[in-house]
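Chains as they are written, first to last, in the working numbering: chain A, 3 to 294; chain B, 858 to 1245.
Rather than coming from a laboratory, the hints here were simulated on the basis of the structure. Quick reminder that beta carbons are idealized off the backbone N, C-alpha and C, glycines included. Among the hints, a few may not be true.
[What the hints assert, rightly or not] Quick list of the computed label-pair ranges, beta carbon to beta carbon:
| no. | chain 1 | residue 1 | chain 2 | residue 2 | range |
| --- | --- | --- | --- | --- | --- |
| 1 | A | Arg227 | B | Gly1063 | 53 to 59 Å |
| 2 | B | Ala961 | A | Ala118 | 49 to 55 Å |
| 3 | B | Gly934 | A | Pro76 | 43 to 49 Å |
| 4 | B | Phe1014 | A | Lys45 | 43 to 49 Å |
| 5 | A | Pro76 | B | Gly1010 | 24 to 30 Å |
| 6 | B | Asp1164 | A | Gly257 | 24 to 30 Å |
| 7 | B | Lys1194 | A | Arg266 | 43 to 49 Å |
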Amino acid sequence: MSILVDRSTRVVVQGITGREGTFHALRCKEYGTRVVGGVTPGKGGTTHEGFPVWNTIAAAVRAEGANCALIFVPPSAAADAIMEAAAAGVGVIVCITEGIPVAEMVRVKAFLGRTASRLVGPNCPGLISPGKAKAGIMPGHIHKEGPVGVVSRSGTLTYEVVHQLTQRGLGQSSCVGIGGDPVNGTSFVDVLGLFQADPQTEAIMLIGEIGGTAEEEAAEFVRARVTKPVVGFICGQTAPPGRRMGHAGAIISGGKGTAAEKMRAMEAAGITTVRSPADMGVTVARVLARKG
Amino acid sequence: MKIHEYQAKSILTEFGVPVPRGEVAETPAHARAIAERLGGPVVVKAQVHAGGRGKAGGIKLAQDAAGAEEAARQILGMTLKTPQTPPEGIRVLKVLVEEASPVAAELYLATTLDRARSTHVVMASQAGGMEIEEVAARHPERIVREWADPALGLQPFQARALGFGLGLSGDAFKAGVTLILDLFRLYLAKDCSLAEINPLVLTRDGRVLALDAKLNFDDNALFRHPEVVALRDPNEEDPLDVEASKHGLNYIKLDGNVGCMVNGAGLAMATMDIIKLAGGEPANFLDVGGGASPEQIENAFRILSSDPSVRAVFINVFGGILRCDRLAGGVIAAVRKLGLRLPVVVRMEGTNVELGKKMLAESGLNFTSADDMGEGAARVVELARGAA
Chain A
3 MSILVDRSTR
13 VVVQGITGRE
23 GTFHALRCKE
33 YGTRVVGGVT
43 PGKGGTTHEG
53 FPVWNTIAAA
63 VRAEGANCAL
73 IFVPPSAAAD
83 AIMEAAAAGV
93 GVIVCITEGI
103 PVAEMVRVKA
113 FLGRTASRLV
123 GPNCPGLISP
133 GKAKAGIMPG
143 HIHKEGPVGV
153 VSRSGTLTYE
163 VVHQLTQRGL
173 GQSSCVGIGG
183 DPVNGTSFVD
193 VLGLFQADPQ
203 TEAIMLIGEI
213 GGTAEEEAAE
223 FVRARVTKPV
233 VGFICGQTAP
243 PGRRMGHAGA
253 IISGGKGTAA
263 EKMRAMEAAG
273 ITTVRSPADM
283 GVTVARVLAR
293 KG
Chain B
858 MKIHEYQAKS
868 ILTEFGVPVP
878 RGEVAETPAH
888 ARAIAERLGG
898 PVVVKAQVHA
908 GGRGKAGGIK
918 LAQDAAGAEE
928 AARQILGMTL
938 KTPQTPPEGI
948 RVLKVLVEEA
958 SPVAAELYLA
968 TTLDRARSTH
978 VVMASQAGGM
988 EIEEVAARHP
998 ERIVREWADP
1008 ALGLQPFQAR
1018 ALGFGLGLSG
1028 DAFKAGVTLI
1038 LDLFRLYLAK
1048 DCSLAEINPL
1058 VLTRDGRVLA
1068 LDAKLNFDDN
1078 ALFRHPEVVA
1088 LRDPNEEDPL
1098 DVEASKHGLN
1108 YIKLDGNVGC
1118 MVNGAGLAMA
1128 TMDIIKLAGG
1138 EPANFLDVGG
1148 GASPEQIENA
1158 FRILSSDPSV
1168 RAVFINVFGG
1178 ILRCDRLAGG
1188 VIAAVRKLGL
1198 RLPVVVRMEG
1208 TNVELGKKML
1218 AESGLNFTSA
1228 DDMGEGAARV
1238 VELARGAA
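From just these sequences and the hints, can you work out the full model?
Right under this line is the structure:
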């Protein structure tokens, strides 16, 4: 098994006629994902790079049973795109877009709470279940099917850990980028729960960063509910307070949200923490070997 | 994005939040003219994007217009250093001259995002004038909080609860409740990340006034607020930061001597961390974006190399789909064009890695290739030491 996406997933791409949307729709399809088409309002009925285009998500759901939406629309329209997908009953919504105003995400999150849809992101690389399907912008070829679940707030740092794992012959069950914004859809806790329940996943790699309390909540959840070994890394150990480190959510404010605090919370919860990002892969290999 | 107190107060006024009468001045003579118009005692306040101004000598009380002129003479041009300014301080170019208010009580009021609850929170406290973090640490019971409904916003009953929490009564209570609702309206309308009034004062004649004001804005929402962008003060920003943001680069200057150029914010932070673990100090955070295009590489090099403390550069790019030969070509072209002599350690992952490495090795320039980020960090720290 895997989590969130697999061979039966039917992806519809919102913003498919844009540059990013086109490029990544093709890459996802190449990876073997069933990309059923895309949505660009006003271009319904046309074909783009071999993909059918609809005016609305509801039409894509009716025509092709789309159950996963992958969003590339610009920040000013992305919140609306998320709600459209949720209103059409799409189960998994992956929003790649970076730069959505936080006040809009507050409203979107409340809206999603009244639907059965799950949002991953925004401002994230998306998700992949190696060997099965990819709904995201990560390079597919660095991944390998296997036992490690990866969850992260970062993009390229996730590719780094995947690369380290694959080089050691350790594959991944699923990799989920939850995104670097202060208000997002799926949390560490949600993904940890899914990995705990997933029979393919034998160990979990969690990559956090400074700012907020999502890692502390994850640590508490691991302590109470996760029996699989978890390895944790927090980036931003050297980040100065009060400065936003690239991601909207990566900021130490009022002395809160430091890497040291988060590492302490993880260690107290029995998570194996890694200080150097070069040691992530080797540490996962070690805890898996110990588990036997 | 941050703005000045006088700018924040002008926005507050637009939304009906009462503030003391006052105007901004850039010369002592202008400060005197304003004080004459206001009549009576005034407060002269340095306008910089940092708190802690009072203790640092940036706020002075003057009894009359002559005193205001003298206070402005002392404050204008001074370099203000507070715990919130950069270590070298900020030069004061403007002062706000305001009527002095007869203060009966100093209160605190702010609205911001509560990340853990994914909605907006309004906080009020009778312990005004202090840093709210300090109050939260020492007297958490003295802070009253109300969370706004994400769809419906702050309701009047919540504003009343906050008003009672502030200890207000009678006409001041009514004015306070209106003020709280107006502040929340402003916070949403302008896409603030923080709207803070500290202190909010109750005057001896029973009025409620925003004596100080701080408005910070959500950078992601600036595209729909040109009127806010227009308030940007380049004097308050690091010129390198400004140059970087023009090119869509995320750059933050730090104190070390190892320059970093990385694609992606998380990997950029992790690269700083690993430099520190290798015994070095990062000179900066620099995210060139996921794609790391040749133009971006050149812009990034220009910014990095204008920091004189940089002794060696570490390029850590995890391309994935990115072609390493193209990246190497971009790096070589940028170094040639800018005539850089600094040692550069390059760690790249993606397609055509071997070709990329070969191009770097054969360029005749000062490049070292590393196979992984641990090795790269160790090499660059060594080179920075050797060059220092």
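Margin query: To test your reading of the hints: which numbers does this structure violate?
Written below: none
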